[in-house]
Each structure stands twice: as structure tokens, then as C-alpha cells.
Amino acid sequence: MEFLLNTVRKVDNDQAREFAFGDDTSLKEKLAIVFLNPEDITQLNVKPGSVVKIYHELGSINVKCSQDKNVPLKMAIMPVSIWSNQLTRVMNNELEYKNIAVKIEANNEPILDFKLLLQKIKEGSL
Amino acid sequence: MKRVPCSGCSLLCDDIIIRSDGIFIDEVVGACIKGKEHFDHVTAKNRIINPMFREENNLKKIDWNQGYNTAIELMRKAKKPLLYGFSTVSCEAQLKGIQLAEKINGHIDSNSSICHGKVIEKAKSVGLTLTSIGEVINKADLIILWGANAAESIPRLLNKALFSRGKFRMTGREIKTLIIIDPVQTASFGVMGVRDISLMIQPNKDIDLIRTLKEECCVADSIPTEGVAGLDKDDLKRLLLQLTGAEYGVIFAGQGLLKPSDDSTTLQEFLELIEMINSKQEKGRISLIMMGGHYNMTGFEHVALANYGQNGSLNFVNNQLEENKTNTIDKISKGDFDLSIIVGTDPISHLPANLSSKLMKHPIIVIDNKRSATSDVADLFLPSAITGIESGGLAYRLDHVPIELQKIINPPNNIPSDEEILNELLQRLTSGGP
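From first to last, the protein sequence lines stand for chains F and Z. Residue numbering for the first sequence follows the working numbering, starting at 1 and increasing by one per position. Residue numbering for the second sequence follows the working numbering, starting at 1001 and increasing by one per position.
This is chain Z alone, in the form it adopts within the complex (with noise of 0.2 Å):
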């Protein structure tokens, strides 16, 4: 038996047991049901474990050679490539993806740049109080879920956060409160007890609240006079008094929260909200965690940030990086591109249809250890290696904290890593091959 992190979710849960004699996994203990399925992802139907190329609109096995060959012919004539995903592979192979970028004049970016990205663009000018979830399982006293259904998009959080009996907090769920503000009873609700609180706030109302919140909290003993958002004064009032009163209360905020709106103020109102609670603080502090669903979504802001000082999307001229003036989905929509490699995401699932339209339009590469919509449309495939169960590397949980994940096993048909397959792409473009 061995003890793993699971690169299931963002959590990356580091309990997970597992027996295996190095060829199977025979056993895992621990994992919830996400993370059981990740694991039988190693033999999944449908899975592709061979590169394909499409001929005649059909997909067709090619060998490995061909693979990086035909990659290379598609980056060779290309002159605008746009590079997308990277959420679902190590640093290792972040990192190669935008050296891939800077070699090919690419516009690199992550899911995360649709994700909680947006929250640290707007940290920028506002500020952003962290914590870590050992912190979260050791000291805090209170959870709020705004706009995150934990219980369904990281399903062992709870468990940790909420449940859990900490190392300076001996008592455990009975002290703790959790508050959800979400408009739908999602199944996070199941968890709640009587001490906690349950704000089914109005759709596009959040911001009325995070103002109506910054507004009291400036006010010592303040209790709102009326309701907002669908809140009741009492409802309020309890929050309120949870966030100004809890030692170490934590935020964990989902897409939710995250949603465009005509008053794209939201975020930093969010953000200016939580630093103002702490400025009033006497006893404790408010900390944020996003809850991004990928398992190394933080990881490409980190490996960006550090190695080319800027984060979120990267677009390289002449091999230098350039000041980027438009984002990904600005690419997308004008059709700025004329090739996209795909690595570990689905945009043809996750775009609204006009922006998969347009990604229909050119070339795809895809390097990914799974079949998806992006897959079934490719021109050409790769398959990869599962990072944390076939092959190793680094990952950043949700809370920025570093993760070295695991080979357990070897890949079918000796499938390269995302990390090798976008390093042997580089290699060939230096050397000039094919």
C-alpha cells in the first residue's frame, strides 16, 4: 500500500491510499467519487492510446513519428497559433507549452483566464488575503461558500474544511459555522446544521450585497435597517456579525460569483469587501480561497509569472513576449488565429457554440489522455500520459500550495507525458526537422 496525491480535482488530496504492483492499481482507499474516477481513467473505453490524423473526416492511427511530424508541418505553416488548456498537466509541461508558444509566435493561455484568473487580475490593484487549507483544517472557526457548490465541484473540501478537528482548534464541526450564499439549493446545502446559514440570495444580486456589507461593516454595531438581495434584515444581521466577529473565517468563491455583468465591479467590490473586514478585524481575520475545479489551473499563473514575470495569457512577437492587449476569448471571437493546440481542456464543451465554431475553422491539435467534443474534431491527436497516476510532476493546489504528484504506473503503449510530447515538439522545431 502507498500513500499518493490524487490529481483529481484542485484539492489534490495527499491521503489517498492506493496497492499496486506497478503495472495495475488494484486499490484505492480514500478517494471520493471524483477522484475514484480519475483513477478509472486509466481504463476507460473510450480512451485513445495512439496518435490520430484525420484523412477523408475520419480520425486514423499514425504512429508516433508521424505525430510530432505532422505537429510540426501544422506549427511550421501556421502564423498565428493560439495554445489553450494546460490546467490538467504539471508545471513541467506548462512551462514547455509557453517555451512552445515563445518558439512559434503562439498566444498561450489557461483555463483559468475564464476561471479565477479574474480574481487575481483584480488582487492587482485591490490586494488578496490567502490562506492555505491546513490553515482552513487547524483554525477556522467559519466557512462561507458564495457562488461554490463544494459538495458536487470538490467533494472532499467539506470534509476537510468543515469536518475536520484541527491542531489549534480541538473542538470541530460543532464550533464551526458555514454560511452558503448561493441562489440555488445545490447540494452543499445537505451539509448544514442548525447553527448554520443559508442565504439563497437573488440571481445578479451579489453585488448589492458585497455594497450593502462594506457600507455596515465601516459602522461599529451597525445592523441593517432592510433587506437586500432577497436577504431578510435578521439574515443580515447574522452575517454580518459571523464576518466581523469569526477568529478565522475562510471564503471559498466559485464561478458564482465570477459571472460577467454589466457592472463588472463585482470582483474588486469583492475584494475591497474582504481587505475592509480585516482593516476592522480586532480578533481574527477573512481569508480567500477561489475554488477553480481543474487540478493545476493555479500552477499555470505561478509557472507564467515566474518565469516570464507576467501571468494569465502570454502572446509572443519575434519570440518576445509582448504586452498583451487581448485576451483569449477576444482571439477567439475576432478569429485571431489560424491554429489551435488544445492540451488537457475541451473548449468545443466549454465555449458557448459561436466561439466552437470558430475554432472548427482552423486546424486543431489536441494533447490530452482522454476523448472528448475537442477530440472528436481534432486533425490531429496525441495521446498523454495521466499526470499523477502515469507519469510525475509538480502541481499548485487551490490554496497556491505546491504538490509533487506521483507515477504509480506505466502508461499504455508507453504514452509519453504532456511534458515529453511538448518537449520532443520543441526539440524537432530547433533542430529543423522533420
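Next comes chain F alone, as it looks inside the complex (with noise of 0.2 Å):
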């Protein structure tokens, strides 16, 4: 299905906080997320809590769904981390941040770790 990806600051999914006070568990549990609206969740056919692959052209993500009805139908909410921007770009020389378009399928892959993503960013193996 496709959608329209926006990162965003959420207070309760804040990175700076889990890389002070929290661990590798904690970022990965906060922040390799996507919030949808239930009603695409359905569509979806999965359940809050399932890992969804998200992606487009030049990048994909596995992150766990979790559903929040006051987000758009269509719109898919990530908080800003390394997870995220496995999908922003660059665009006409600015970072594109907002109304990404990318399709989300259900997935039964594990989401990366933390330290296995940084590996994997620096080998440019993404």
C-alpha cells in the first residue's frame, strides 16, 4: 500500500533521551516504529505490534506498527532516528523529511539492531 511518510519529534519516542537514560533494546523498542491509522493497519492485515517493511526507490526499514487514529489515512508517522532516515533523502540539495512516498507491506523479517545498523550504514550495504 502506499503512503505518504512524515518524520516528526514525539515526546515519548525521543532519542536523545534513549541514548542518555536507556540502551540498544530501549532505542530499538522506542524508535524503530511507525505509527498508522487503525483503519490502514486493518487494511494492512496486520496487527499493532507487527513488524511492517517500509520503502520506497532507494531505501527500506523494517519497524514495528503501532497504531494512533490521528493519523491521517495514507500517512505514515516515524520519529525522527537512524531508523527513519533509512528513508529520508536528499532532494533539489535539501533533506527531504516530509510527505515521503513509500509503500508499507507486512513482514515477517526481524527488525535491525541498533549496532547492526550502523554497521550496515557504514558498508553502505542498506
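Calculated from the structure, these hints are not laboratory results. Zero decoy hints are in this set.
Simulated pairs of lysine-lysine, BS3-like, Cα-Cα distance not exceeding 25 Å:
#1 Lys1205/Z with Lys1118/Z
#2 Lys103/F with Lys1205/Z
#3 Lys47/F with Lys69/F
#4 Lys1061/Z with Lys122/F
#5 Lys120/F with Lys1358/Z
#6 Lys120/F with Lys1334/Z
#7 Lys115/F with Lys1061/Z
#8 Lys1045/Z with Lys1060/Z
#9 Lys1060/Z with Lys122/F
#10 Lys1036/Z with Lys30/F
#11 Lys1370/Z with Lys120/F
#12 Lys115/F with Lys1060/Z
#13 Lys115/F with Lys1045/Z
#14 Lys122/F with Lys1077/Z
#15 Lys1370/Z with Lys30/F
#16 Lys1358/Z with Lys115/F
#17 Lys1325/Z with Lys1124/Z
#18 Lys53/F with Lys30/F
#19 Lys64/F with Lys115/F
#20 Lys1233/Z with Lys1280/Z
#21 Lys122/F with Lys1079/Z
#22 Lys120/F with Lys1060/Z
#23 Lys1160/Z with Lys1036/Z
#24 Lys115/F with Lys1361/Z
#25 Lys1358/Z with Lys122/F
#26 Lys115/F with Lys1370/Z
#27 Lys122/F with Lys1361/Z
#28 Lys1160/Z with Lys1283/Z
#29 Lys120/F with Lys1361/Z
#30 Lys30/F with Lys122/F
#31 Lys74/F with Lys1205/Z
#32 Lys122/F with Lys53/F
#33 Lys1205/Z with Lys69/F
#34 Lys30/F with Lys1045/Z
#35 Lys122/F with Lys1334/Z
#36 Lys122/F with Lys1370/Z
#37 Lys1080/Z with Lys122/F
Assembling the complex is the task here: the two chains are given apart, and the hints tell you how they should meet.
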């Protein structure tokens, strides 16, 4: 299904807090997440907490989905993090953090751990 | 008990009460969730309080002398160093950073260039009507959040702007109208009352709304005949009436309005709209405040402009400032650097993965007071004191008002401030050591 992805700051999903007070597990738990409208979650045939794959022609990432009725239909919201930035990109020599066209589908593959994700970024193997 | 400013975000609230014996902070009163957390960073369990150097793929503790010498060695080897960040350090540290860039022929930039610096660039040709938080508290009767979620990015902004009773406006929330223009129903919508206007605009349609408003604002008693950008004509009419009838309106512009698009004139036309409304206004005006999050993002623009006559990114060649032909994103995209010196920010988390990957191909020196994805991949990490808690200095609030930050306690391990670290590096480079 096609969505528009927006990366946002969320008080409850704050990377600075997790880096300071959490650990790699809480970092993944709080930040490798996408918020979708409950109707879209039903359409995707997944349940809240399931892993979904978000992708476009330049990148992809697996994250946990969570429902939020305040998110408009066909929109995906991710907290700013190293996971969401697998999908942000450079456009017209500026950074595109909002309204990025993506596709989302159910996926059984695991969510990448923080350290493994860092390693893959370093290798350019994502 | 002592009253201090909080450097937790760009609002720099100067009404925070703390109880401290000069060694520990025992109590923080009046701070928001972000502010309280900022003070908690002093004792954060993951805080790094020793210089670290990467050996055999692991960061290992070194002493300060080794740390400075390693940094000098890396800088001397580099031909095209990139200095980036500087939004969460004092103005004094920002100046040292620019002087360091001048010394090592580097390219220096702050987070502002990918955030609200873009507005300042456009304002050079269009103009900009700014205001201060004090003016907003005392006078505002219209508050617009455009692509901005104040409740979660700058939590006390609405307390001050919306719920306050001003000197010239003894009535408070009841006479203030809040308008939120956003495609997402953010947490900020939670404070809306019956007189407020919620405008759930379609994604990427801001330019359509701006153009319609520009057209309609030019005509007296104009009422749009049809809706635009997902907003119906009644909503448009209410928005127009508020924009042209407010005695003192302020627009808080967020990242949502700064997104790039194929049509890159959005910001320019947005600023033109404000100037146009003000030229038509008979009894009041509309002002703009950019909602940058980092507490001294605005400061870098002022420091660079005041000392070097140029804001945004600065590029030094032969120790001279040269006309800047590329921005930082362009430089990273093209791999046009061979060392990055990251100060008080986390580009590995903030930038798209392809840019992070390019940053990781060259040595990274990080100067910061907290752990981050960038510190995890750094070759050299120099920890710094937390400005506004463990060291003082000047910072510019989001409305361009300078606020003096205070030192409350000593940092652990006597960690130096960002300014002291950058100054030490400059001194050692100048003296020819190590």
C-alpha cells in the first residue's frame, strides 16, 4: 500500500532520551516504530505491534507498527531516528523529511538492531 | 533557590527555579518534560566523561592531552575538514568553532542550514517581520502554528504565548485565537478551544494555500468561492478574516513548512504573504517566529554574520573566507571532505542514511556532552560540559533575543566546556604543538 511518510519529533519517542538513559533495546523499542491509522493497519492485514517493511526506490527498513487514530489515512508517522533516516533523502540539494512517498507491507523479517544498522550504514550495504 | 534559564530547547525559559548546593542539583521547578530531562542529563547513565579514541574498532579511554594531540594530528592530516553542528553550544563556542575552521581551512555549518536558516536566506530578498516572545505574551490576539507541533517540540511555548495574560492585554486565552495548519492532528491540537480554527491541510499543498491567500488578501472583503488544499471555503474565509483583522498576529513556522519540493518557492511566497498582509493591515500586523528546536541554532547565524559578514555555511581557503558555492549537504553528497568535526549534534541519526554512510568513510571527531549514534562511530570523542548547567555562555532564543546562560554546578571529572575545548585546539594549532 502506498503512504506518505512524515518524520516528526515525539516526546514519548525521543532518541536523545534513549541514548542518554536507555540501552540499545529501548532505543529499538521506542524508535524503530511507525504510527499508522487503525484503518490502514487493518487494510495492511497486520496487527498493532507487527513488523512492517517500509520502502521506496532508494531504501527500506523494517519497523514495528503502532496505531494512532490521529494519523490521517495513508500517512505514516515515524519519530526522527536512525531508522526513519533510512528513508529520508536529499532532494533539490535539501533534505526531505516530510511527505515522502513510500510503500508499506507486512513483513516477517526482524527489525535491525541499532549496532547492526550502524554497521550496515557504514558498509553502505542497506 | 535560584532562578536560571533552561537550555533544553530554543525557548530558553528564564523562569526555571532550581535548588542546588553548587555540587548537585536537588530540585528543578517549572521546567517542562524536555527541560527536566535536560537537567537529568548531568547524571545520565550513558554519559561519557572521558576522552575516547577508537582502537581496533573499540572506543578506548585516553587522557585529555592525548585527546587534544590526536585531534590536532587528524586536523593536520586533513585537507578538506568539515565542521558541523554548533546549535547546542554557546555563542562563544560557535565563534571559536569558526576561528578553528579559518585556521584549518575548513567548511563550517550549523544545523540551521537544514532548518530555519533557509527562511533567513529567503528573507534576504523578501524581508522578514519578526517579533519577540515578550511581545507575543503582551500583545498577541492571533497565534498560528504552521507545520509546527509546539506541544511536543517546544512544550512551554503555548503556555507562554496562548495561556498568558499580557501587559497590554489583560484578558488571556479567551480573546486569543489559535489556528493550526497541519496535515496531521498533532498533540498541539489538544489545546484548541471553540473559537480556534483547525486546518488539516493536504500534504504538500501549502503553496496552494499561500497563493490563494495572496490573491484574496489583495482584494477588500474578498471571499474565496471555492476551497483549496483540502480546506473548504468557510475555513478559508475564517483564516483570511483572522489574518487581515488581527491586532497582533504571530505565525510560528515549523519544519513542516520547510520541506523541499519541486516548487522551491514555497518559503519565498510565504514570506511575501506576510509582507503583503502587513502592507494591507490597517490596525495591526502579522509577525513570524521560526521554531528551530536546538537551543542556540539562531546564535550561529548571529555569530557568523557579526564576525564574518556572512551567515549560513562558511568556507575557508588559505585562511580566508571565500564566497560559498556549496552547502553542507552538497559537500557530504559529493564526498568533498576528508575529516568531520561534529560539535553538539548527531548527524548519523539526523541525516539520510546515504549521507551518514559518506560521513563514516572519513575520520570523525565528536565534541559533545551526550552519547549519540555519531559518538558510537566516532574515531575521537571529546566530552564537554553541558552549557547552561555546567558552564555559562550566551545563546540566542528562537525570537533572536540573547539570553545569558549560567553555570550552576561543576561538571563531572572537570570536563571542559565546548568553548574551552575548541580554544585549546586553536591554541595548540597556533603554537605548533604537539
